[in-house]
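Chains P and L, in that order, are what the protein sequence lines are.
UniProt numbering applies: residue 1 is where the first sequence begins, and numbers increase by one.
UniProt numbering applies: residue 1 is where the second sequence begins, and numbers increase by one.
The set of hints was computed from the structure by calculation and includes no laboratory data.
Computed from a prediction, not measured in an experiment: that's the story for all the values here.
Some hints here could point you the wrong way.
Copies of the same chain are indistinguishable here, so a pair counts whether it falls within one copy or spans any two.
To be verified - Simulated crosslink set (DSSO-like; lysine-lysine; CA at most 27 Å straight-line):
hint, residue 1, residue 2
1, Lys301, Lys321
2, Lys30, Lys61
3, Lys61, Lys237
4, Lys254, Lys157
5, Lys30, Lys261
6, Lys237, Lys50
Protein chains: 2
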Amino acid sequence: MKKLLVLMMVLVLSLSFIGTVAAQDDTPLKGDPDDEYVMVTFVSGIEYWKPAYRGMEDAAKNLGVSTRYTGANDYDINQQVTVLEQVISQNPAGILLTCINPDALAGPINRAMEAGIPVVTFDADAPDSDRYSFLATSNYEAGVTAANYLAELNDEKGDLGLITIPGQLNHEERAQGFEETIANNYPDMEVVSIQDGQSDQAASARAMGSMIQANPDLVGVFTTEASTGVGAATAVKEADMVDSIDIVSFDTDKGTLDYVKDGIIDATLAQGTWNMGYWGQMFLFHLNEGLLNPIGDGDWKEAGINPLPNYVDTGVNLVTKDNVDFYYGD
Amino acid sequence: MKKLLVLMMVLVLSLSFIGTVAAQDDTPLKGDPDDEYVMVTFVSGIEYWKPAYRGMEDAAKNLGVSTRYTGANDYDINQQVTVLEQVISQNPAGILLTCINPDALAGPINRAMEAGIPVVTFDADAPDSDRYSFLATSNYEAGVTAANYLAELNDEKGDLGLITIPGQLNHEERAQGFEETIANNYPDMEVVSIQDGQSDQAASARAMGSMIQANPDLVGVFTTEASTGVGAATAVKEADMVDSIDIVSFDTDKGTLDYVKDGIIDATLAQGTWNMGYWGQMFLFHLNEGLLNPIGDGDWKEAGINPLPNYVDTGVNLVTKDNVDFYYGD
Numbered sequence: 001m002k003k004l005l006v007l008m009m010v011l012v013l014s015l016s017f018i019g020t021v022a023a024q025d026d027t028p029l030k031g032d033p034d035d036e037y038v039m040v041t042f043v044s045g046i047e048y049w050k051p052a053y054r055g056m057e058d059a060a061k062n063l064g065v066s067t068r069y070t071g072a073n074d075y076d077i078n079q080q081v082t083v084l085e086q087v088i089s090q091n092p093a094g095i096l097l098t099c100i101n102p103d104a105l106a107g108p109i110n111r112a113m114e115a116g117i118p119v120v121t122f123d124a125d126a127p128d129s130d131r132y133s134f135l136a137t138s139n140y141e142a143g144v145t146a147a148n149y150l151a152e153l154n155d156e157k158g159d160l161g162l163i164t165i166p167g168q169l170n171h172e173e174r175a176q177g178f179e180e181t182i183a184n185n186y187p188d189m190e191v192v193s194i195q196d197g198q199s200d201q202a203a204s205a206r207a208m209g210s211m212i213q214a215n216p217d218l219v220g221v222f223t224t225e226a227s228t229g230v231g232a233a234t235a236v237k238e239a240d241m242v243d244s245i246d247i248v249s250f251d252t253d254k255g256t257l258d259y260v261k262d263g264i265i266d267a268t269l270a271q272g273t274w275n276m277g278y279w280g281q282m283f284l285f286h287l288n289e290g291l292l293n294p295i296g297d298g299d300w301k302e303a304g305i306n307p308l309p310n311y312v313d314t315g316v317n318l319v320t321k322d323n324v325d326f327y328y329g330d
Numbered sequence: 001m002k003k004l005l006v007l008m009m010v011l012v013l014s015l016s017f018i019g020t021v022a023a024q025d026d027t028p029l030k031g032d033p034d035d036e037y038v039m040v041t042f043v044s045g046i047e048y049w050k051p052a053y054r055g056m057e058d059a060a061k062n063l064g065v066s067t068r069y070t071g072a073n074d075y076d077i078n079q080q081v082t083v084l085e086q087v088i089s090q091n092p093a094g095i096l097l098t099c100i101n102p103d104a105l106a107g108p109i110n111r112a113m114e115a116g117i118p119v120v121t122f123d124a125d126a127p128d129s130d131r132y133s134f135l136a137t138s139n140y141e142a143g144v145t146a147a148n149y150l151a152e153l154n155d156e157k158g159d160l161g162l163i164t165i166p167g168q169l170n171h172e173e174r175a176q177g178f179e180e181t182i183a184n185n186y187p188d189m190e191v192v193s194i195q196d197g198q199s200d201q202a203a204s205a206r207a208m209g210s211m212i213q214a215n216p217d218l219v220g221v222f223t224t225e226a227s228t229g230v231g232a233a234t235a236v237k238e239a240d241m242v243d244s245i246d247i248v249s250f251d252t253d254k255g256t257l258d259y260v261k262d263g264i265i266d267a268t269l270a271q272g273t274w275n276m277g278y279w280g281q282m283f284l285f286h287l288n289e290g291l292l293n294p295i296g297d298g299d300w301k302e303a304g305i306n307p308l309p310n311y312v313d314t315g316v317n318l319v320t321k322d323n324v325d326f327y328y329g330d
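Let the sequences and hints guide you as you build the complete structure.
Structure, rendered in C-alpha cells:
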C-alpha cells in the first residue's frame with residue numbers, strides 16, 4: 001500500500017512536470033505575463049486610438065503577455081518625447097508607438113533600440129529612425145478606393161469634387177490616389193473642383209455650397225477628413241441634392257456614422273486600426289522572443305538586416321448604410 | 001490509507017484535467033496538427049520559393065499545424081489552375097498562393113473563398129480576386145533603396161545608369177522608384193542612360209559595355225534583375241572599371257552573391273521571402289481559427305469587411321561584402 005502511495009506521488013509529480021514542459025515546449029507563442037508591452041500615443045484620450053489598443057490587448061491575451069496604454073495628453077511634441085523617455089527608462093518588453101512628429105521622436109526611438117527594447121510604429125511613422133516596422137493606412141490606396149466607389153455608384157460617368165487639406169501629407173496622398181484613379185481609369189469622369197476644407201465643418205460646408213453652385217452637374221464628392229465630410233453633408237442636405245450628389249468621407253466618428261445611417265454620406269472609409277495594434281503586438285512579441293528566422297540559422301542581428309516586414313498597409317473598408325451599425329461603439 | 005489513495009487519485013485526475021483545459025484555454029495560438037495549410041507556386045522547383053516555404057513551415061511549427069508544398073512544375077498558366085483546383089478539392093485549412101497570372105487564377109481563388117477556404121497571396125497577386133491579403137516586395141520602394149545606396153556610396157554626386165526590362169510591371173516600378181528618388185532628392189546626380197537588359201546575361205553585358213563607352217563619367221548602375229546584374233558585372237570587370245562604377249543588383253542567386261563577395265557587385269537587394277511565408281501562414285491560421293476581431297464583438301463576415309491588412313510590404317535588405325556570407329545556402 002505504501003509502495004502504491006509512493007508510485008501515486010511519483011505519478012502526480014511527473015504528470016505536473018510533463019504538463020509544464022509540454023506547455024512550454026509546444027507553444028513558443030506563449031509568453032510571460034510579467035512581460036509588459038506599452039502603447040504610446042499623443043492626444044491620448046481620443047476615441048481614435050481605442051480600436052488600436054484593443055487590437056494590441058487581443059494579441060497580448062492570445063500570447064499570454066501584458067500591455068499598458070499611455071501617451072501625451074495634449075498635441076504637444078515635448079510632452080510625447082517626455083512620456084516616451086519615461087517608458088524607455090522602465091525597460092518594457094516592447095513599444096508600439098505613433099509619432100506626433102517624425103524628427104523629434106527619432107532620437108528616443110533609436111536609444112530604445114540600442115537598449116534592446118524593440119520599437120514598432122503605427123498610424124504615424126518616424127521613417128528615418130531605426131524602428132523595425134510601420135503599420136498604417138496607405139492614404140494613396142484609400143483615395144483609390146474612394147474613386148472606385150464613386151465611379152461604381154455613378155456608372156463611371158460624371159463630374160466629381162474633392163474637398164481636402166492642401167499641404168498636409170496624408171491628405172495630399174488621399175487626394176492624389178483619388179485624382180489619379182479618376183484620370184487614369186474613368187475616361188467619362190472628371191474631377192472638376194478641388195476645395196480646401198480647412199479641417200473645419202463650417203468652412204467645408206461653405207466650400208461644398210460654392211462647389212454645387214459652380215458645378216450644377218456634380219454627381220459626387222470625396223472628403224478626405226471627417227469634419228470635412230460632415231460639413232459637406234450639411235451643405236448637400238441644405239441644397240436638397242442628397243439624391244444627386246454622392247459623398248464618400250473618411251473615418252468613423254459618430255457624426256459621420258449618423259450621416260451614413262441617414263443616407264446623406266453614402267460611404268465612409270474605416271481604417272484598420274485594430275490590425276495596427278494586433279499585428280504591431282505580434283511583431284514586438286516575435287522580436288522579444290527571438291522567433292524570427294529570415295535567413296535561417298543565420299543571426300539577423302549579426303547580418304545587420306531587418307527581420308520584419310518594413311510596412312503593413314492595414315487597408316480601409318467601406319462603411320455604408322448596410323453595415324454602419326457594426327461601427328457604432330467601436 | 002485508502003482515503004488517502006482515493007484523494008491521490010482524485011488529485012491525479014483533476015491535475016490532468018486542469019492541465020488539459022489550461023493548455024486549450026490559454027493558447028488560442030495552438031492549432032490542430034491535422035489542419036493542413038498548402039502553399040501553391042509555379043515553376044515550383046526553383047530556389048526562389050524555398051525561403052518562403054521555410055517561413056510558412058516555421059510559423060506552422062510555432063502554431064502546431066501542418067503544411068504542404070505544391071505547384072505547377074512549369075511556367076504554364078493552365079497547369080497552375082489545375083494544381084490549384086486539385087488543392088481546393090481537398091479542402092485544406094488555407095491556401096498561400098503566388099499567381100502566375102492575376103486573371104486566370106481569380107476564378108479558382110473566389111471559388112475557394114466561397115467554399116470557406118481562406119486564400120492569401122504572396123509575391124505575385126490577383127488583385128481583382130476576393131483573396132484576403134497580399135504579402136510581397138514593394139518594387140517601387142526597392143528602387144528607392146537602390147537609389148539611396150548609390151547616392152551614399154558616391155557622396156550624392158555623379159552620373160548613374162539603369163538596366164531594366166521595359167514593359168514588365170515589377171521592373172517598371174523598380175525603375176520608377178529609382179529614377180524619382182534620384183530626380184527628387186539628389187540634385188547633383190542624374191540618371192543619364194536607361195538600357196533594356198532583356199533579362200539576359202549576354203544582352204546586359206553588351207548594354208553595360210555601350211553605356212560605359214557613351215558615359216565616361218558613370219559612377220553607378222542599378223540593375224533591376226539578377227541576370228542583368230551578373231551581365232553588367234562582367235562588362236564592368238572587362239572594362240577594368242570595378243573601382244569607379246558601383247553596381248546595385250536584385251535578388252540573391254549564387255552568381256550574384258559570388259560577384260558581391262568579389263566586390264564587383266557592390267550590393268544586391270534581398271527580398272523578404274521568409275516573411276511572406278511566415279506572416280502568410282499566420283494570417284491563414286487567424287482566419288481559420290476565428291481570431292480576428294477588427295470590429296470588436298461584431299461579426300466581420302456579416303459586416304462584409306476584410307478583417308486583415310490588405311497589403312504587407314516585406315521590404316528589401318542590402319546584401320554587401322560585409323553580410324553576403326549569411327545569404328549562401330538560404
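How the hints compare with the structure:
1. Lys301 to Lys321: between (49 Å within a copy, 16 Å between copies)
2. Lys30 to Lys61: both (10 Å within a copy, 13 Å between copies)
3. Lys61 to Lys237: Neither: 45 Å inside a copy, 57 Å across copies.
4. Lys254 to Lys157: neither (31 Å within a copy, 53 Å between copies)
5. Lys30 to Lys261: neither (42 Å within a copy, 40 Å between copies)
6. Lys237 to Lys50: Neither way: Lys237 and Lys50 sit 31 Å apart in one copy and 58 Å across, limit 27 Å.
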